[in-house]
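S.K.: From first to last, the protein sequence lines stand for chains A and B.
Its first residue numbered 1, the first sequence is counted upward by one per residue in this note's numbering.
Its first residue numbered 1, the second sequence is counted upward by one per residue in this note's numbering.
Hints were generated in silico from the structure; no laboratory data involved.
Predicted model, so just to flag it, every value in this text is computed and none were measured.
Warning: the hint list may mix true and false statements.
[Said to hold, decoys possible] One-sided excerpt, in silico: chain A residues whose CB lies under 7 Å from chain B:
#, residue
1, E85
2, K88
3, E92
4, S101
5, G103
6, Y128
7, S129
8, D160
[To be verified] In silico negatives: residues of chain A with every beta carbon more than 12 Å from chain B:
#, residue
9, A22
10, A82
11, S115
12, V124
13, A135
14, K138
15, Q161
Heads up, the beta-carbon is just placed ideally off N, CA and C, and yes, glycines get one too.
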Amino acid sequence: MSSSSPSGSGSDLTERRGIPAAKFIQDVETYLSQSGLDPNSALAFHQERLQQYKVVEMKLLAQQRDLQAKIPDIEKCLEVVATLESRKGTGEALLADFEVSEGIYSRACIEDTDSVCLWLGANVMLEYSCEEASALLKNNLENAKASLEVLVADLQFLRDQVTVTQVTIARVYNWDVHQRRVKQVTPTAIAAADS
Amino acid sequence: MQQQGSKSGSEMEVTWEDQQNINIFSRLNNRVHDLDDDIKSAKEKCENLEDAGNELILADEEMVRFQIGEVFAHVPRDDVETKIEEMKEATCKSLEKLEQEKESIVTQMAALKKVLYAKFKDSINLEED
Chain A
1 MSSSSPSGSG
11 SDLTERRGIP
21 AAKFIQDVET
31 YLSQSGLDPN
41 SALAFHQERL
51 QQYKVVEMKL
61 LAQQRDLQAK
71 IPDIEKCLEV
81 VATLESRKGT
91 GEALLADFEV
101 SEGIYSRACI
111 EDTDSVCLWL
121 GANVMLEYSC
131 EEASALLKNN
141 LENAKASLEV
151 LVADLQFLRD
161 QVTVTQVTIA
171 RVYNWDVHQR
181 RVKQVTPTAI
191 AAADS
Chain B
1 MQQQGSKSGS
11 EMEVTWEDQQ
21 NINIFSRLNN
31 RVHDLDDDIK
41 SAKEKCENLE
51 DAGNELILAD
61 EEMVRFQIGE
71 VFAHVPRDDV
81 ETKIEEMKEA
91 TCKSLEKLEQ
101 EKESIVTQMA
111 ALKKVLYAKF
121 KDSINLEED
């Protein structure tokens, strides 16, 4: 299905970009005896892990939102540059209404031109030829899309680990409840056998 | 999964395969939610383009202010008509693709539900809350 699906009992991925993988437990009893933890400590450990995963998830979701806002912006810029390029040969000026302030618009007359200025951030604006601008914007768009893909894969991996941890917590809890029930039944059975 | 043990008190064995099925189900569920949002915005865009096309037919200005990026450029009416047709087609096509993807995922989820409920019966809850 995805690159992180292993075939063995443990995950082949012990961590991904700093996110530790949640180890799948084959048998609760073996796990508890091997780790020397009592059920409550095991539950506490996994709950804490779950919280840590949630924190990372929040961070990644915020990054994803930023990228998802950035991509349409870059696409809009590309559209404008493409429009200017398509008018290059014609010699016509492009009339455009733009927002000066909220609710206030003004008309701009854009002459036939070979160059555009791109806002690079950090109060820096550079002049480029239309081709260079187009290439730069396309490059930025590719990078943003690639980062988004990696981010989405990270989020999927993270969600898998959250699911595994939640299932582990439920299983340890159920095992504990089951053990207590068995302990309750056994003394009663012995008492009944004695009497 | 339920926190309480099942009524019989028996312990359900969860194999790695079960865990993987649960993980896949979770991923598909998330994907369906994302798709629902995308489908909603694509439908809205389609409707807006439809309305824009209709307005255009009713208007008789020669120059139409067409939004490119953040500004409204003065574009001759015919160009705008063509542009809107193109955008409508592209949006409708992508809407179709999204809906197809959603359908296939819903089918996959139904199949997984069958498998998981068969094994875990009451101990697992795969419904939307």
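S.K.: When the hints from earlier in the document are held up against this structure, which numbers fail?
M.R.: 1, 2, 3, 4, 5, 6, 7, 9, 10, 15
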